[in-house]
Amino acid sequence: MRDSDTKDLELTRTLAAPGEPFVWLTAMGLALGLIMVVGLLGVIVANGLPVFWPSKIVEVHLKPGVKNPLPNSGDTLTGELVQTREKRIPVLSATGDKIEDQTEIQIFVGNKDVNGSGFAFLNNTDIASLSEPRGIYRLERMEYGIAFAYPKSLQLADGTSVPANSPAFTQTLARLDAESAARRSEIEKIEKHDIGAINSRITQLRAKGKGSPESLKEIAALDADYQLLAAKARELRAIQAAAALIYTTPNGIERRLPVGELVAFNLPNTLDFTQKLGLFFHNIWNFLSLDPREANTEGGIFPAIFGTFVMTLLMSLAVVPFGVVAAIYLREYARQGLAVRAVRIAVNNLAGVPSIVFGVFGLGFFVYFVGASIDSTFFGEYLPTPTFGTGGILWAAATLALMTVPVVIVATEEALAAVPRGMREGSLSCGASKWQTIQRIILPASLPGILTGLILAMARGAGEVAPLMLVGVVKLAPSLPIDGAFPFVHLERKFMHLGFHIYDLGFQSPDSEAAKPMVFATTLLLILLVVVLNLAAILIREKLRKRYATGAF
Amino acid sequence: MPPVLSKPTEQPMETTVNTTTEGRPDFISIRDFSFFYGKKQALFDISLDIPERQVTAFIGPSGCGKSTLLRNLNRMNDLIDGIRHSGDIVVNGRSIYDPHIEVISLRKRVGMVFQKSNPFPKSIYENVVYPLRVSGQNKKSVLDETVERSLQGAALWDEVKDRLHESGLSLSGGQMQRLCIARAIANRPEILLMDEPCSALDPIATVKVEELIRELKQEFTIVIVTHNMQQATRCSDRTAFFYLGKLVEFDETPKIFSNPAQKQTEDYITGRFG
Ligand SMILES: Nc1ncnc2c1ncn2[C@@H]1O[C@H](COP(=O)(O)OP(=O)(O)O)[C@@H](O)[C@H]1O
Ligand SMILES: [Mg+2]
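Respectively, the protein sequence lines represent chains A and B.
Mapped onto the working numbering, the consecutive letters of the first sequence carry residue numbers 1 to 553.
Mapped onto the working numbering, the consecutive letters of the second sequence carry residue numbers 1 to 274.
Pulled out of the complex, with its shape left as it was, chain B reads as follows:
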């Protein structure tokens, strides 16, 4: 049996704020990471460095473990019974499995957008400020400012600014997903995880969300899972191709799509399987 307990990293805490526009190339560093649902191994020895303030896309046939890896980045998989892992995930120099770090504080630094949009049955306003409210922030001026900034960030402000107190469920599918994005960025996280955010959207809404992703990378480190190869080319800087729980290839997006190093990658992007 492989060792399952994560060791706290020996690395010193990185506290320097990146001043270069480039950002830290190993902002999220996944090291020899394996993951098990009970007896079933879903990820095999993944090692991957995700750069700061860029868009990294995970592609691969369904069931290959993209979501599993993504959901490990904010420890969302902790909810599932019988899981275990080996290896480590280090964000900005610090292991997310560090016993001194609380899951809640990790999740506050990592926003997440889900495949199926999941606004709360609350008003648009309350949906957006939810992350602030659960952090104990109830000051009206701060909340108001956050609502405007986040909805503008999610390109939804103009459409909903006159009906902020209507239910979030009264929006259209595309608007709901952008509302979820606004919610995910409300508390100014460092990382934004998106699990097939456009799979349930119509083409127009998809275009809007893609534009949004390109804008948001100025501020956030974005990891996006997608089924759609065009989407990966359109909005990501780097692409990781997974197959059967293993990382096959990880490179600059143009390189992956024009000149993949691996035969499997080429087969996949040319549509020979998947």
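So here's chain A without its partners, still in its complex pose:
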């Protein structure tokens, strides 16, 4: 009796089991997704972060008879090891046999002004030995990128010179470097800010003054100011060029580097761990805070970070009111029927339209129609130079807002529907009108849901590139969309964007090998920026959730 009972039980259990494999299947799906995400992030971090870590400089000694890829360099070659990789096209030995070791080494040799290219490739088998010269300097320059150098002397402005082997040499070089950095920012202030302000005022006077005597007088006064400032800048530039560092490149060519051209210097092979760590963070900080140089392959990416940030904020400002108002109408006022359902489907499908199409629409509608109308009404004096009638940060934000509005509408509608019926009835029974109920009870209670929509919209908008290329993003923007010049917020300006920066560096750069590390670092930063923006929104949402929690009892 007992026995057959347990048997029955077992039988039912095995019969119920067919669902079991699906548990594994779903778990595998999740695991696969996680692996891909973690893998992607891992690749980006692993390639992006080492860019900032100071690497050693090696001197490569080639085997006799091997052709040196660098001109006039004998059998040595100096630079930073970048990577070792399998050759793309296998080489054969002189006798026609296949060689075992098919690896090649990529070396960053710098000194582009002397070597022509920044990188060299060597067959692993061609290398006799490696050494690490201690006295070699790594110079970061305003132009031509990095130089690896053996300094000879410092020529000071007063004609004296400090030889490299004197004890005061490093100290003097550091002092000159700091002074030149200070002068550089002063020159920049004069040329970009002061002269920029005068120029824009003159343009304004020329356009609006229409040659009236007062305007001509003011233009003359401004012109005098301009001459003064320009003279000051010239003077500073002359000082920048007066003192110079004399050095020889590893292949023995003597060069003169004005201190004004020197950004930073160090001795990579003498650094200890703490110094390297310090330099690592210093490099990261520079990357975050400086303007780009050398076709964006050197320097920092601050304008791109700032542009992305401001554009995303503007987009949020535009998308939230628009989406929320539309959702309120759809959910609260419109009569639920076929028409509303059709609109809802259309809105959802809008989210599937390729983003480039939104770019084209933004260009046609915002730039050429709205922008041109604004220009002809308010900025007629400047025409034919467009003000709003060309791509700019405002139109980029508006285009992305249009692209992400379905997300906000859907999320808001769901949030509105989730407000308990009791809340609405409670409010209405107090004699509140429908609008009062929406405004005072329903909207606050659905704010967390609305923020969820915003988070999704931001995540999508901040990473979008294609439509921006049509409506205002540029490779190098002369000025930021928000700065110290009146009226402080310049929505008509073109801007730089991290996503576009990645595209530009990776695929449009003249030296894509040099730009590769920057691509990873920029990608890492874009991801971090999206994470930070999202975290901010999530924190606000949690706060609101606590405040407007509607769980009774």
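These aren't lab readings, by the way, just hints derived from the structure by calculation.
Predicted model only: the values in this text are computed from it and were never measured.
Ideal Cβ positions, reconstructed from N, Cα and C, are used throughout, including at glycine.
The reader is advised that the hints may include incorrect statements.
[What the hints assert, rightly or not] The calculated lysine to any residue pairs, modelled on SDA-like cross-linking and capped at a C-alpha distance of 25 Å, are: (1) Lys116/B with Gly422/A; (2) Lys208/A with His193/A; (3) Lys116/B with Gln240/A; (4) Lys122/B with Glu414/A; (5) Lys434/A with Lys208/B; (6) Lys434/A with Lys122/B; (7) Lys546/A with Leu164/B; (8) Lys543/A with His165/B; (9) Lys434/A with Ile83/B; (10) Lys434/A with Ile101/B; (11) Lys546/A with Arg163/B; (12) Lys122/B with Leu539/A; (13) Lys217/B with Ala205/B; (14) Lys217/B with Arg84/B; (15) Lys217/B with Thr253/B; (16) Lys217/B with Pro25/B; (17) Lys208/B with Phe257/B; (18) Lys263/B with Ser34/B; (19) Lys67/A with Pro133/A; (20) Lys543/A with Gln115/B; (21) Lys122/B with Glu425/A; (22) Lys122/B with Ile538/A; (23) Lys139/B with Trp435/A; (24) Lys255/B with Arg214/B.
[Stated by the list, open to error] With beta-carbon atoms standing in for the labels, derived distance ranges: (25) Arg188/B with Trp435/A: 22 to 28 Å; (26) Arg335/A with Glu211/B: 42 to 48 Å; (27) Leu313/A with Pro61/B: 57 to 63 Å.
Please build the complex by placing chain B with the ligands on the supplied structure of chain A, with the hints as guidance.
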């Protein structure tokens, strides 16, 4: 199909203020009222006079239409799609379906307490003054005075007077329901509708709310839906028994419970069904 449009009453407007302690016996007058959710008829020809400043209880098995009738008294059912009615409801001599009366002004005269307490996610203070705020009253002195009076009226003042600016959701279940009562009486309505106000409360909280109901009838005309027969005997003056959408019997509460005229009523109160 029965006529669904309500006709404005021919009766003249009653403006006299009742000076007698008795109050008007037909303060709320429900006349041949039928109600439909779409095709489903929920109420059948109900006629009923609810006296002023007394407690009238609606009892009956669930689904018999008590809530439906109650929610018609402040036109809360207007929110539902596809409803219609015939007959009329007259409050203090004036039809609530009078096209010249706005629903909002009707609801301002009629407070409502729901089965599931529904305080807003706002402070206790803001919960109570909500009806005033939506009427455009923002004067601090008036609001302060209202908060104290209403919370005292709802027997909650002593428990919350030191934390008026904490969230209304931080209260216990019974306190929340009394907060909802305070909110319902804040704007001094004439009528207070309560739909099973104690069904989600523990016995102690229930006793408090019942005491409160007996006190509030000095000032308000109260209509209460209840499942609980003891509750009806304890706090109501008159009781209406509904069954399957029809009014079976309506009389003085003691009479209904001691000597019902109808067999169905007797079966129900003695627990033979329901
Ligand atoms: N919103 C609604 N839509 C359709 N039918 C409803 C709705 N509300 C209530 N009903 C129906 O009306 C009848 C009366 O309901 P109700 O007044 O809530 O009963 P009670 O409060 O007495 O339990 C029930 O049969 C119920 O199913
Ligand atoms: Mg009910």
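Checklist entry - Between Arg188/B and Trp435/A, does the C-beta distance stay in 22 to 28 Å? => result Given about 24 Å between the Cβ atoms, the range holds.
Next on the checklist: With the threshold set at 25 Å, check whether the alpha-carbon distance from Lys116/B to Gly422/A stays at or below it.
Outcome noted: holds, 8 Å
Checklist entry - Does the alpha-carbon distance linking Lys67/A and Pro133/A stay inside the 25 Å limit? => result Within the cut-off at roughly 22 Å; holds.
Checklist entry - When you take the CB atoms of Arg335/A and Glu211/B, is the distance between them in 42 to 48 Å? => result holds, 45 Å
Checklist entry - Given the hinted pair Lys546/A and Leu164/B, is their alpha-carbon gap at most 25 Å? => result OK: Lys546/A and Leu164/B at ~18 Å, within 25 Å.
Next on the checklist: Hinted pair, alpha-carbon criterion (25 Å max): Lys434/A, Lys208/B. Please report holds or violated.
Outcome noted: Not satisfied, since the Cα-Cα distance of roughly 33 Å exceeds 25 Å.
Checklist entry - Is Lys217/B close enough to Ala205/B, meaning Cα to Cα at most 25 Å? => result holds, 19 Å
Next on the checklist: For Lys263/B and Ser34/B, compute the direct alpha-carbon distance and say whether it is at most 25 Å.
Outcome noted: Holds, at about 24 Å.
Checklist entry - Does the structure keep Lys122/B and Glu414/A at a Cα separation of 25 Å or less? => result Holds, at about 22 Å.
Checklist entry - Regarding the pair Lys255/B and Arg214/B, is the alpha-carbon distance no greater than 25 Å? => result holds, 19 Å
Item to check | Given pair status - Gln240/A, Lys116/B, alpha carbons within 25 Å | outcome: violated, 79 Å
Next on the checklist: Hint check: Lys434/A vs Lys122/B, CA-CA at most 25 Å. Holds or violated?
Outcome noted: holds, 18 Å
Hint compliance for this structure: hints 3, 5, 14 and 20 are broken, all remaining hints hold.
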